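A.B. asks: Given chain H, work out where chain E should sit, using these hints.
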Amino acid sequence: MSPGTVRATATLAPDPTSETGAVPVLAVCAGEEVYGFPLSSVREILVPPPIALVPRAPDAVLGVISVRGQIITLLDLPKMLHLELEQVNPYGRVLLIDNGDELIGVAVDSVIQVYRMEPNHIEYASAMSAELSDYVVGIGRIPARDQDAEPEMLILIDPVSLLGG
Amino acid sequence: MSDPRDNVQQEFLAEAQELVEALSRDLLLLDEAYHRDERVEPALINEIFRSVHTLKGIAGMFGYRHVGTVAHALEDLLDDLRLGRAAVGQELLDVLFDSVERFQRLLALDDPQSPGEDASVHEYIAAIRSVGMEPQAEIGDPLDKYNIEAEVLAVLTEYEEHRLRACIREGLLLYRLRAAFDLAAIDDSIESLRDDAQSDAEIITYLPSMEGGNEDTIELVVLLASGVSHEELRTKFESRYGTIEPIEERTHLPTLPPQATSIPAAPPSMRAHTEDESAQASLRSVADSVRVDIRKLDHLMNVVGELALVRSAVNRVVDGLQGDSIYRQSMMDLDRIGRSFERQLSELRTGILDVRMVPLGQVFNKLARIVRQSARDNDKQVRLVVTGADTEVDKLIVEELTDPLMHLVRNAIDHGIEPSSDRELAHKRSEGTLALNAYHKGSNVVIEVEDDGGGMNAHKLRETALARGLLGAEASQELSRQDMLNLVFLPGLSTSKEVTDMSGRGVGMDVVKTNILRMGGMISIASEEEIGTKITITLPITLAIIRTLIVTIASRTFALPITAVREAIPYVPSEVRSIQGREVITVRGETLAICDLARVFGLRGPSEREGSFVVVGSMGNRELGFVVDDLHGQEDVIIKSLGKSLSSVRGFAGATDIGDQKVALVLDAPALFAEYFDGPEIVPTLETRP
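Read top to bottom, the protein sequences are chains H and E.
1 is the number of the first residue of the first sequence in my numbering; add one for each residue after it.
1 is the number of the first residue of the second sequence in my numbering; add one for each residue after it.
Worth flagging that the hints you see were computed from the coordinates, not collected in a lab.
Here the structure is a predicted model, which means the values were calculated and not measured.
Don't take every hint at face value.
[What the hints assert, rightly or not] Pairs of lysine to any residue, SDA-like flavour, derived with a Cα cap of 20 Å:
| hint | chain 1 | residue 1 | chain 2 | residue 2 |
| --- | --- | --- | --- | --- |
| 1 | E | Lys441 | H | Val67 |
| 2 | E | Lys441 | H | Glu102 |
| 3 | E | Lys644 | H | Val42 |
| 4 | E | Lys662 | H | Pro49 |
| 5 | E | Lys662 | H | Leu53 |
| 6 | E | Lys662 | H | Arg93 |
| 7 | E | Lys662 | H | Pro48 |
| 8 | E | Lys441 | H | Gly100 |
| 9 | E | Lys460 | E | Gln477 |
| 10 | E | Lys644 | H | Ile51 |
| 11 | E | Lys441 | H | Arg68 |
| 12 | E | Lys644 | H | Pro119 |
| 13 | E | Lys441 | H | Asp98 |
| 14 | E | Lys662 | H | Pro55 |
| 15 | E | Lys644 | H | Pro55 |
| 16 | E | Lys644 | H | Asp59 |
| 17 | E | Lys662 | H | Val67 |
| 18 | E | Lys644 | H | Gln70 |
| 19 | E | Lys644 | H | Glu102 |
| 20 | E | Lys644 | H | Pro58 |
| 21 | E | Lys644 | H | Ala57 |
| 22 | E | Lys662 | H | Ile51 |
| 23 | E | Lys644 | H | Leu53 |
| 24 | E | Lys644 | H | Ala60 |
| 25 | E | Lys662 | H | Pro50 |
| 26 | E | Lys644 | H | Arg56 |
With the rest of the complex left out, here is chain H (with noise of 0.2 Å):
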């Protein structure tokens, strides 16, 4: 288990009002993916603001954006995860992320919603072998309302190794 994971599941809060614990998790789509953000990560949903690209900065790093007045550290989504996907269309909404030491944006297309994951619909990437990158936690599964349709999966981001450390 890396360090990552484990403040990562720190992050997971349980719904204190969930009595089967479940995790309130934000499922935005990047590049043909579904990615869960823990919603206690989340503070804001923007529309993009004009960007400014920063020279020598990650691949990664689109740039940054002001946010009123603070400067903040945008992201592209599938890039974090090595995903070579080129992206077509502009990007439909901003995440502002808390990773605890500094708010970080991620731009994604769209925001789907919110579910409510319970712990045991998530496979974490401790407990898997394949080699996952350190900023994910682990894959979550919604059930389908149709019993016999093939479950959603999203990928669930660690905030806190959002660039951090």
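C.D. replies: Coordinates of chain E only, in the frame set by chain H:
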């Protein structure tokens, strides 16, 4: 402040400014006491008198003729007030308040002798004289009521005699306290007596007693006026000072044996009764702080930056020695010393930032005057409640904050707080309350402007925005109540039914918002109809403003700190030669190395044109030309750090807002120089803030 006046002059101006601020503060207290029908503290009037007196003195020394003349006339008026020859009244207060603005204007004059001001100064002096003329009806001499020894009365100063009369008129009782004081500690003892007496009694005078005392002690007879009973005063004073007895009315005083008890106690000086001495005392009391020109602090900050450069230069030398085993021990030592140096440097930087901090009270005092003026102009009753005036923020922020806060306060009084009659109908206190609160929250400072007025009508805001075409009909349907309130920050929206003189021209809140955002702050609004409105401003505690040259590189905007820029010249690509693999041009016969920023930053696409200007930068004895596409003039920008996530990216000192939510990166000239001349591996990165 832009003209180069000499230091002494600056010192004078700073001190005069402080005196005027003190005057303004005290006048507000006086005004408050008057409007609450409270007894006006004689000490307060003395304090005001002293400020004006000192101002007169120093204005004379520095040739500020007009300031001196006005202060002189005011001093006469205040003296009359002090001695009861004039009474505090609305008209008199107005004249006194007027002086604050006048002093400030006169102090700002380039020519302190300017004859252009003669007329207005004379007019004002006439006004001062006319309010001072109100005679006060004297109804018999109240001193006749009491049997006070003639020898006591004979030595009272005019002021003491006035206070004595005034106290008797107020119905206070007179007491005589006999106490022995240790000669060695007499100043402290009397001061502590003053402190103790303050809440219950006024000390009229103290005289050495004819009786008692020995080599080490002196017995004083203290004449007190108090509204408190004899019993209470006894419990309070007798154990600590000595016997206290009432002075009886119109009867013979029994001669009591002196009971000397010597109890040496705490704090300062036998108050000098001549104005000159007391003025000096007040000057001494501020001697433990110094005033510093903010530019000197900016300079120090730059020196800290230079030191960081020196440090990295040393690092380079050390790196050059690496691998040579004979230096091993020395290398370790150097490394340790280097780290200690960095720690101290960072402490130095923090220290300088700390010195720049001033209390928000400076702005709040100005606002208090505006509250008073606005309330009077609008014929409303407003009570101002201030908390957190001692909250400290960067001097620059305090200055930038004045205008936005002024606007918010005026708005609150013009449009927020209702006239008394309306308030009574709504079962509110007839007097409206305006609260200014300040407090620290993390590395931010929060300032709230809150009124208990009529609040804002969110739906009316939406209607107005719709009517003015600031909002589409469709969009307007989806607005939450908070969204509607936020419409007030839109340019061109005014909600007041009538446009008043001071605010509500519809240019208010958007400008306030822009100013706050420019400082890296936030502004939010909460309002309930019939209950009131609260505007909350959150600001960083400190900010760094630097002057920059705005340039474009490959159609992107960057800011280059002006301190590193010597000049800008047109760039002619055909004139570029190559020497030892480096591109150079010739400027006035001298060779200048050039650095194409678009290429260095990897911004230039193959088809894009080359830059058209060379910005010649200089750092120490090195010069380097930066090739840029276009120049957009100079601008003062607030530099913000790029955040931890980008701290490893070199060549940028930070970023700044350039309006319209757009961001420009601020180039780190020292780093770019070092990178060009010394190679990219050992680029020093200058921290822009601690």
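A.B. asks: Which earlier hints can't be squared with this structure?
C.D. replies: Checked against the structure, the only hint that fails is number 12, while the rest are satisfied.
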